[in-house]
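Visitor: Sequences listed follow chains A and B, in order. Going by the working numbering, the first sequence wraps up at 320, each residue one higher than the last. Going by the working numbering, the second sequence wraps up at 320, each residue one higher than the last.
Treat the hints as calculated values from the structure; they're not laboratory data. One thing to keep in mind: the hints can contain errors.
Calculated lysine to aspartate or glutamate pairs in the EDC-like style (CA-CA distance at most 20 Å, straight line) [as the list claims (entries may be wrong)]: (1) LYS259/A - GLU255/B; (2) LYS300/B - GLU291/A; (3) LYS259/A - ASP169/B; (4) LYS300/A - GLU294/B; (5) LYS300/B - GLU304/A; (6) LYS300/A - GLU237/B; (7) LYS53/B - GLU237/B; (8) LYS259/B - GLU270/A; (9) LYS259/A - GLU270/A; (10) LYS259/A - ASP86/A; (11) LYS259/B - GLU294/A; (12) LYS259/B - GLU291/A; (13) LYS300/B - ASP257/A; (14) LYS259/A - GLU76/A; (15) LYS259/A - GLU304/B; (16) LYS300/A - ASP104/B; (17) LYS300/B - ASP109/A; (18) LYS300/A - ASP257/B.
Number of protein chains: 2
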Amino acid sequence: MSEPPFTPPPPTRPFEPTVVIVGVGLIGGSLAAALKARSVARTVIGVGRDIARIGAAREAGLIDEATTDIRTVVDRADLIVFCTPVDRVPIDVLQLASTQNGDLIANGPGLPLMTDVGSVKGPICNELASVSRFIGSHPIAGSHRQGFEAADANLFEGRTCVITPIPTSNESSIDRLERFWRAVGMTTVRMSPAAHDDSLAMTSHLPHVVAAALAATLSEENRRLTGSGFRDTTRVAEGDPKLWTGILMQNSEFVVQGIDRIIQQLSAYRAALESHEPVAVQKLLLEGQFSRAMLDRIQRGID
Amino acid sequence: MSEPPFTPPPPTRPFEPTVVIVGVGLIGGSLAAALKARSVARTVIGVGRDIARIGAAREAGLIDEATTDIRTVVDRADLIVFCTPVDRVPIDVLQLASTQNGDLIANGPGLPLMTDVGSVKGPICNELASVSRFIGSHPIAGSHRQGFEAADANLFEGRTCVITPIPTSNESSIDRLERFWRAVGMTTVRMSPAAHDDSLAMTSHLPHVVAAALAATLSEENRRLTGSGFRDTTRVAEGDPKLWTGILMQNSEFVVQGIDRIIQQLSAYRAALESHEPVAVQKLLLEGQFSRAMLDRIQRGID
Numbered sequence: 018m019s020e021p022p023f024t025p026p027p028p029t030r031p032f033e034p035t036v037v038i039v040g041v042g043l044i045g046g047s048l049a050a051a052l053k054a055r056s057v058a059r060t061v062i063g064v065g066r067d068i069a070r071i072g073a074a075r076e077a078g079l080i081d082e083a084t085t086d087i088r089t090v091v092d093r094a095d096l097i098v099f100c101t102p103v104d105r106v107p108i109d110v111l112q113l114a115s116t117q118n119g120d121l122i123a124n125g126p127g128l129p130l131m132t133d134v135g136s137v138k139g140p141i142c143n144e145l146a147s148v149s150r151f152i153g154s155h156p157i158a159g160s161h162r163q164g165f166e167a168a169d170a171n172l173f174e175g176r177t178c179v180i181t182p183i184p185t186s187n188e189s190s191i192d193r194l195e196r197f198w199r200a201v202g203m204t205t206v207r208m209s210p211a212a213h214d215d216s217l218a219m220t221s222h223l224p225h226v227v228a229a230a231l232a233a234t235l236s237e238e239n240r241r242l243t244g245s246g247f248r249d250t251t252r253v254a255e256g257d258p259k260l261w262t263g264i265l266m267q268n269s270e271f272v273v274q275g276i277d278r279i280i281q282q283l284s285a286y287r288a289a290l291e292s293h294e295p296v297a298v299q300k301l302l303l304e305g306q307f308s309r310a311m312l313d314r315i316q317r318g319i320d
Numbered sequence: 018m019s020e021p022p023f024t025p026p027p028p029t030r031p032f033e034p035t036v037v038i039v040g041v042g043l044i045g046g047s048l049a050a051a052l053k054a055r056s057v058a059r060t061v062i063g064v065g066r067d068i069a070r071i072g073a074a075r076e077a078g079l080i081d082e083a084t085t086d087i088r089t090v091v092d093r094a095d096l097i098v099f100c101t102p103v104d105r106v107p108i109d110v111l112q113l114a115s116t117q118n119g120d121l122i123a124n125g126p127g128l129p130l131m132t133d134v135g136s137v138k139g140p141i142c143n144e145l146a147s148v149s150r151f152i153g154s155h156p157i158a159g160s161h162r163q164g165f166e167a168a169d170a171n172l173f174e175g176r177t178c179v180i181t182p183i184p185t186s187n188e189s190s191i192d193r194l195e196r197f198w199r200a201v202g203m204t205t206v207r208m209s210p211a212a213h214d215d216s217l218a219m220t221s222h223l224p225h226v227v228a229a230a231l232a233a234t235l236s237e238e239n240r241r242l243t244g245s246g247f248r249d250t251t252r253v254a255e256g257d258p259k260l261w262t263g264i265l266m267q268n269s270e271f272v273v274q275g276i277d278r279i280i281q282q283l284s285a286y287r288a289a290l291e292s293h294e295p296v297a298v299q300k301l302l303l304e305g306q307f308s309r310a311m312l313d314r315i316q317r318g319i320d
């Protein structure tokens, strides 16, 4: 029997009094809900591009204040979490961290701690390497649903958050960020941006490509002949194509490697089937079943 | 607005007084439960190879009688449903339809109507072409769970059952089989065994291969970095490898064609990513999303 996982003591709350969330969609909205539900923040300010949408999120009670101009609230922020698409994050952070002339503001105490929730970390952390107040995060939690209307205060509960500091990142800031994500129920792990992207290509980006590719092979006539298996296997293909194009483009090298690996695996099935080798087919299926079963053990907290 | 689907009037119950189910696992057990719950049969007799297992199914109240020897109950059967693995069905049916010397018993009224629930129909219907009392069925319903303990009387509710008659099949027997499956809540459709196998390769067998192949690409270190997307996409890989080897081997030609199609689709993603063409990537993702969305419309009964 292995030891039970370490449960950190509850933090003295609220420990990030004012949190600014940029982009209040499913993730941003769920984070806002979790921060309020767990008293991690006293005030949650939402920033959106569309005044009507961000206003509706405030009306719904998800956030305390709504604005379209982050500059008007940055001074009051203890922490800013960018929940914008991966290809927007560096632009948004650099705009905030620069003067009107485009000069980078000194990374002093004037700028709050900043992080994001993007599913690809290399390009973001690379582009923001000079902004020491920024440290990347990736809370691995989500849904194929979209918009703050689908927000769920328990979305992060029991899930893993990867923090991707770079060598110049401040240790106490990393630590603070870890406590922040743990406070919404997550387990945290530190990885380099590249190691994160390599892993996530295999655990998230490749599955998305595979699900969407499989969905596209279904003909109109065959729709009525699908069962729960087809539905489960293609569920994530419902995700927003625009958002996922950004993710796949930012992580294209690792995703291409992943595609090569699954094509290799599929080719092994093809060869075994074509040469009528049931033993080879069963061996391949056993490999998949074993791997999937080990995943369930983790989810149930057995190891 | 299209017309609401035709709802057949409830049958005069029970209209198959005695049903024999050979193989009382998840499907056979669920069928037994559905037949009792809906009063389609008065008596359900379960046949199993393992006396302890089939006895336990009777103890659990799923079946009324249990035996390991089908020959002792065949005379009382109105309908026999073979819920054994696809590579067992022809052997089981031929044993029943033959004398001790191996001569085929005349297809007269002495032999009850027989069907199966196998996921591949070509080989079965071909091998049993001379047994006119046999007509293939495939109720498209299931679960990755196994054994009669997971039986669910509502497993078939709202799902599609494909009936695969051959040119020599008796029309009134086909009709009777259709009414049988409708009585447990299914919509029925007639297809040739080959057309069924072509379709099911794409809607069920390929998704299984893809899920198992994807599960196998996951390294041990990456297990903790999976989210609900990976879990959904690989769920069916939990299915019994032995059972699925039989299915894939029996339908290998169509499955190989399916593998070729998904590899083609994956290669399109690979090319678009490698040449940094976001427009091409998004077009591919939109194709998958559209196909998946149309599937949801069917499930919700919109069209």
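Visitor: Does GLU291/A lie within 20 Å of LYS300/B when you go C-alpha to C-alpha?
Guide: The given pair, whose Cα atoms are some 32 Å apart, is violated under the 20 Å limit.
Visitor: Is LYS259/A close enough to GLU255/B, meaning Cα to Cα at most 20 Å?
Guide: violated, 32 Å
Visitor: Holds or violated: LYS300/A and ASP257/B, Cα atoms, limit 20 Å.
Guide: holds, 12 Å
Visitor: Within 20 Å, alpha carbon to alpha carbon, are LYS259/B and GLU294/A?
Guide: Holds. LYS259/B to GLU294/A sits at ~13 Å (cutoff 20 Å).
Visitor: Can you confirm whether the C-alpha distance between LYS300/A and GLU237/B stays at or below 20 Å?
Guide: Within the cut-off at roughly 18 Å; holds.
Visitor: Between the alpha carbons of LYS53/B and GLU237/B, is the straight-line distance 20 Å or under?
Guide: Outside the cut-off at roughly 45 Å; violated.
Visitor: Given the hinted pair LYS259/A and GLU270/A, is their alpha-carbon gap at most 20 Å?
Guide: This hinted pair holds, its Cα atoms lying about 19 Å apart.
Visitor: Between the alpha carbons of LYS300/B and GLU304/A, is the straight-line distance 20 Å or under?
Guide: Violated, because 33 Å separates the two Cα atoms, which is more than 20 Å.
Visitor: Given the hint that LYS300/A pairs with ASP104/B, test it: the Cα-Cα distance must not exceed 20 Å.
Guide: holds, 18 Å
Visitor: Taking only the CA atoms, is the gap from LYS300/A to GLU294/B under or equal to 20 Å?
Guide: violated, 37 Å
Visitor: Sort out whether ASP257/A lies within 20 Å of LYS300/B, counting only the CA atoms.
Guide: Holds, because 12 Å separates the two Cα atoms, which is no more than 20 Å.
Visitor: Taking 20 Å as the top limit, are the C-alpha atoms of LYS259/A and ASP86/A close enough?
Guide: Roughly 24 Å separates the two Cα atoms, so the pair is violated.
The structure fails hints 1, 2, 3, 4, 5, 7, 8, 10, 14, 17 (numbered hints given earlier, in ascending order).
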